[in-house]
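Undergrad: Sequence:
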Amino acid sequence: MSDSLDDLAAAIINNDFVERAGLSFDEAIAADDPGDQKALPYVNIFASREQDRDNPTYTRLVEIYQNTQAVLDGVQEVSGGTAVFARTPVADLRASLAEVEKITSERK
124 MSDSLDDLAA AIINNDFVER AGLSFDEAIA ADDPGDQKAL PYVNIFASRE
174 QDRDNPTYTR LVEIYQNTQA VLDGVQEVSG GTAVFARTPV ADLRASLAEV
224 EKITSERK
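Throughout, my numbering is defined as the position within the sequence shown, counted from one, plus 123.
Calculated directly from the structure, the hints in this document are not laboratory data.
Ideal placement from N, C-alpha and C gives every residue a C-beta, glycine not left out.
It cannot be assumed that every hint is accurate.
Label-pair ranges, simulated between beta-carbon atoms [said to hold, decoys possible]:
id	residue 1	residue 2	range
1	227	169	19 to 29 Å
2	142	162	19 to 29 Å
3	171	198	15 to 25 Å
4	192	159	22 to 32 Å
5	218	182	30 to 40 Å
6	153	184	28 to 38 Å
Sequences and hints are given; from them, build the entire structure.
TA: Encoded structure:
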């Protein structure tokens, strides 16, 4: 990816790829607000099929990710200290997905 950057005037790069692309966060010309509801369709989530929503392995994975300091520190490290940890209610995520699906279907 970083080889392609010389061919561009600008690029959108997720926070976990900035340093790997040989850039620094100070070079950003713009940044989104992770607290803005408009950013909700772009957050990283743990998702499963409906029949696996209570799968003990998956729920344990989420618990480890959200509550283990070493994991949180590692995520911060690979994101250059820019990771934002959120616990967004499932209902909000579903509502955001429904809105994106509606907008997408209207554009077809």
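Undergrad: Now tell me, hint by hint, if it's right for this structure.
TA: Checked hints:
{"no.": "1", "hint": "227 / 169: 19 to 29 Å", "result": "23 Å, holds"}
{"no.": "2", "hint": "142 / 162: 19 to 29 Å", "result": "21 Å, holds"}
{"no.": "3", "hint": "171 / 198: 15 to 25 Å", "result": "20 Å, holds"}
{"no.": "4", "hint": "192 / 159: 22 to 32 Å", "result": "27 Å, holds"}
{"no.": "5", "hint": "218 / 182: 30 to 40 Å", "result": "22 Å, violated"}
{"no.": "6", "hint": "153 / 184: 28 to 38 Å", "result": "33 Å, holds"}
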